[in-house]
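Asks: These are the residues of each chain, in order.
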Amino acid sequence: MKMNETKRTILLADMNSFYASVEQAANPALKNQPVIVCGDPKRRHGIVLAASYEAKAYGVKTAMTVGEAQRLCPMAKLIPPRMATYVEVSTQIVEIMKEFSPLVEPFSIDEAFIDVTGCEQLFGDGKQTAQSLQSRIDKETGVSCSIGVGPNKLLAKMAAGLQKPHGLTVLTPQDVPRRIWPLPVKKLFGVGDRMERHFQRMAIRTIGDLAACDPNLLARRFGVVGRVLHQSAQGIDYSPVDPYTLDGCKSIGHQFTLPKDYVSEKEIHVVLRELAEEVGARVRRAKCVGRTVSLSLKGADFHSVHRSFTMPDASNIGRDIFDAAVHLMDQHWNQEPVRLVGITLSNLSSDDAIQLDLFHAKDKDYQLAEAIDEIRGRFGTQSIFLAQSLSEASVFTDRVGKIGGHLR
Amino acid sequence: MKFRISRSALTEAVASVSKAVSQKTTVPILTGIHLSVDEEGCWLMGSTSDLTIQVCIPTKQDDKNLVNMETMGSIVLPGRIFADIVRKLPGDDVEVTVDERWKTTLRSKQAQFELKGLDPEEYPHIPQLQEDRMFSLPAELLKSMIRQTGFAVSASEARGVLTGVLWTLSQGTLTFVATDSHRLSRKKAEVEAPKDLSVENVIVPGKSLSELAKILQDTDGWVDVVLSDNQIMVRADHLLFFSRILEGTYPDTNRVIPQGGKTDIVLATKELLQSVDRASLISRDGRDNVIKWTMKEEGTVQVHSAAQDVGSVLEEVTAKVTGEELSISFNAQYMLDALRTVDSDEIRILLTGTMTPFIIQPAEREDSLHLIVPIRTR
Chain A
1 MKMNETKRTI
11 LLADMNSFYA
21 SVEQAANPAL
31 KNQPVIVCGD
41 PKRRHGIVLA
51 ASYEAKAYGV
61 KTAMTVGEAQ
71 RLCPMAKLIP
81 PRMATYVEVS
91 TQIVEIMKEF
101 SPLVEPFSID
111 EAFIDVTGCE
121 QLFGDGKQTA
131 QSLQSRIDKE
141 TGVSCSIGVG
151 PNKLLAKMAA
161 GLQKPHGLTV
171 LTPQDVPRRI
181 WPLPVKKLFG
191 VGDRMERHFQ
201 RMAIRTIGDL
211 AACDPNLLAR
221 RFGVVGRVLH
231 QSAQGIDYSP
241 VDPYTLDGCK
251 SIGHQFTLPK
261 DYVSEKEIHV
271 VLRELAEEVG
281 ARVRRAKCVG
291 RTVSLSLKGA
301 DFHSVHRSFT
311 MPDASNIGRD
321 IFDAAVHLMD
331 QHWNQEPVRL
341 VGITLSNLSS
351 DDAIQLDLFH
361 AKDKDYQLAE
371 AIDEIRGRFG
381 TQSIFLAQSL
391 SEASVFTDRV
401 GKIGGHLR
Chain B
1 MKFRISRSAL
11 TEAVASVSKA
21 VSQKTTVPIL
31 TGIHLSVDEE
41 GCWLMGSTSD
51 LTIQVCIPTK
61 QDDKNLVNME
71 TMGSIVLPGR
81 IFADIVRKLP
91 GDDVEVTVDE
101 RWKTTLRSKQ
111 AQFELKGLDP
121 EEYPHIPQLQ
131 EDRMFSLPAE
141 LLKSMIRQTG
151 FAVSASEARG
161 VLTGVLWTLS
171 QGTLTFVATD
181 SHRLSRKKAE
191 VEAPKDLSVE
201 NVIVPGKSLS
211 ELAKILQDTD
221 GWVDVVLSDN
231 QIMVRADHLL
241 FFSRILEGTY
251 PDTNRVIPQG
261 GKTDIVLATK
271 ELLQSVDRAS
281 LISRDGRDNV
291 IKWTMKEEGT
301 VQVHSAAQDV
311 GSVLEEVTAK
321 VTGEELSISF
331 NAQYMLDALR
341 TVDSDEIRIL
351 LTGTMTPFII
361 QPAEREDSLH
371 LIVPIRTR
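For the record, the sequence lines run as chains A and B.
The letter at position 247 of the first sequence is residue 247 when you use the UniProt record's numbering, and the numbering goes up by one with no holes.
The letter at position 135 of the second sequence is residue 135 when you use the UniProt record's numbering, and the numbering goes up by one with no holes.
Be a bit skeptical, because a hint or two may be false.
These stretches of chain B come out as covered by chain A in the derived footprint (C-beta under 8 Å, 3 or more residues) [to be verified]:
(1) 154-162
(2) 281-291
(3) 370-376
Label pairs and their computed distance ranges (CB to CB) [what the hints assert, rightly or not]:
(4) P138(B) to R319(A): 43 to 49 Å
(5) R319(A) to E157(B): 20 to 26 Å
(6) L281(B) to S251(A): 30 to 36 Å
(7) Q121(A) to D277(B): 51 to 57 Å
It is worth saying that the hints were derived from the structure and are not from the lab.
Quantities reported herein were computed from a predicted structural model and do not represent experimental measurements.
We treat Cβ as the ideally placed atom computed from N, Cα and C, and that holds for glycine.
With the rest of the complex left out, here is chain B:
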């Protein structure tokens, strides 16, 4: 195996797959990066028990030669040290040579490294998925759906399925739901899918999705999503992303999302966000970051927060209030997380009572929804 490759392209590809390189040495070969080269280009792969990422550096891109292959082949190189070496090599190109005993030589300008490689046959094969359950959507949309729901997953491993985002698809509408049982976020979007394709109870780990969003950062265009019983694959240009699907049944969230409301308020997103942000300066040191809202019929929301050893804050935000006057206490951080992802100038908040969940939605649309469960105060 022998080839020459653009160092900047290699650095970028190594950074992408590094997110799926195991740090633990329980399966030693998984701490390596799998590298192979053929006529199409150079393929890099990283794999953990949860994730597999494969990227391709094409032989030619925008009339630029990125890879010059002399002899085909593959190798597994120790992940962390290989990534560090590639990043620090002096030249614009790297020449990679692998001998029959997996000894790998990396040459770039005046520097020459020799690394002990591992037999690529020992590396797990890339999963082969049946492509009968597949749909497509713009990468931009997928990223925004992840951004608008991913923050609401539970950070505690003990919570099982709640550490993942629930994907459902029916009649061409893809829905993401995430909740840690204290707040919930839901986002819907139209995607390109076969009419009769329906997907239920697919739970993708929140951690995998945040990695996916990072890897897709510079990707525009469309991506394909392929589902199997225990894996999900996302395919973009020169990129394959596999994630484990969580086992278990996601709780029925439609049951807990209130339908009607007692009090309905409409306010400017930015103004509200800033006021909650200010109020949380007082509340954030407390255990639950509690702030209290009081909806007044004359058209204001009173925002109040007090901390025993710090002080207190009180301000009013203008709002269109319809329905009963009501006060409610909740965790300010949940509100900030939700408001920061809302892409609408005006939002509608629907309250059902002091001790029951309330809903935040863009004023004019129904495709996104955030729900916050209040805090019971004495």
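Next up, chain A with everything else stripped away, as it sits in the complex:
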């Protein structure tokens, strides 16, 4: 255990109310104003994506409906999301961090770890490094962030959560009993709602309770996860900061809440085809092919189907993905109205060698897909599409130009 011997210094930079901060930075008139970045309140996916701290003070929370947020904070400025800009700023922040150390691991769009072990000569200790990083991000992007400093990723992440916004918290292993143990167990990284309920039933309410629990008992009940969480509760975490974590992506997929419940098979097929084409295009952009297609269908009563199928040959062609999805739907759909559909392609590998087929002109499929990608790259996604996307069931026009289902 080499990790155990060397003392590491790890920082987690957590952008505060990221989307809202970016908007406030871009438009000085929004500074110190309650700002809510949200979807279209008239549509079903009209939920709060981010709220500035001024709005949060009124009780506005991420993921609540826009209507609810407006009731709590009527004077808040509602702003439609600009995902492309947020991605850009996020990349810019990662680039700034890389000037401190090459070991930067983007964790989500608004969080990134950095391992600065051995950089003391250049930037001082963890706290000093965090201060200069914080001020550079603020100066260059206008976004404020909270930074946690710790001997591992776990404590860095926990530290960043202790003080928001614009916080700077250093945690050492000695701080764990005093500052981490009194927190409710839900605050521990890796404990979700479900795990929390399990723990509640075992009379584990705080992280300290968990730390005091018999690790063998946890291992028996939860397997490896139990052991890992017990270690986490002690503030122990050996996982390295991995800059390549996002490179080898394991699956690519999309899901979509429909504007109304879809009842007929034909309507659902239209949406599935469009999603399949979208997934195919993204997998092609990642220069991959995949073999396993997963289909999610969520009904109005929140009854959901989630099944997958492995195709004989890997593909990134929309038609192939669609065929697999239809195959799954034929087998598992219970004829109930559908409100959410999702398609994911996994089991990915590089597309640099594709075995062609004797009976299907696969080469032509690939050439066609490439041509369409190129046309769309030059003239926009809406320049060429399937004729069925003109039908009423289509969600194509609605999804064009969105990132993660939100406006660019």
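Could you slot chain B onto chain A? The hints should help.
Replies: For chain B alone, kept in the frame of chain A given last:
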């Protein structure tokens, strides 16, 4: 039922039918071996949902008495344990006695086993086929046709008819075709058949054929093939082999086999095989086992393969090249499988383009053909 039988003959027969004894217990009686004895000899039979194999140990062979029958009869014995017992019995002979409650006693020298048998009436009857669609060929030829095509069937059950070998017969020519849609092998041969007999779309499971080839290993002489709507029977001396025929329509392969070519190369089979074998040392760990060939007008084929984490290999093989210069990437394993079954010193390869299938044939003959679909590379 009572008889005495040569242990070595019995061991061999049990091994043959064991290939058709069910391992699963969905139909319990099919996990047994059916045994019967009469004046002709001792008959053993195994049966699965796909295969039925019956072998006969004749009473007399080459002036040697193999079976001494005292009373006729039949019995079903548990397959696996019976096979194991027979193999390990100490004497040269085995005496088999079955009482009226199917209790079976096996005696050999100092060892005596008692096995619980099952009522032979419960065992499915051997299929009776009309013999109007029948042809004959040497066992040797049948084995070589299986060997030259069987490897190309699809191993994935989901591929349906492509897990089988297509048999067609017209004007006395029997053709085998197998493909997994990435490569294809075809072999033709003259057989002894009625002039007007024509056979189409008979698809025999690849697994059945590989069992058949194993069972026929020591058989020379001729075999008869009898076809029915859903079964195929192969009859050799002291042997009956039945297999299920796959349902469905085999795709039209004549349509996808290219007729002419852009580039034609002729090379020495052995030299080529060795070079592909070497190149695959680098490529074999990769997903598709990709190697790349470049045909050069000056009369060489450049063989190249590279794997990111391993390294690369480059060599040239002398060849007679006519037509355009061309490069093509493909799965080396497919080429090795094909070249290993080619029984000709020189082969001809016909290429039609970088993204289209190419053909491998013996240089001087047209009775066998292998086709490989290339890999698209960036």
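Asks: All hints are to be evaluated individually against the structure, with a verdict given for each.
Replies: Status of the hints after comparison with the structure:
no.	hint	in the structure
1	154-162	holds (count 3)
2	281-291	holds (count 4)
3	370-376	holds (count 5)
4	P138(B) to R319(A): 43 to 49 Å	holds (48 Å)
5	R319(A) to E157(B): 20 to 26 Å	holds (24 Å)
6	L281(B) to S251(A): 30 to 36 Å	holds (33 Å)
7	Q121(A) to D277(B): 51 to 57 Å	holds (55 Å)
Consistency note: the structure conflicts with none of the earlier hints.
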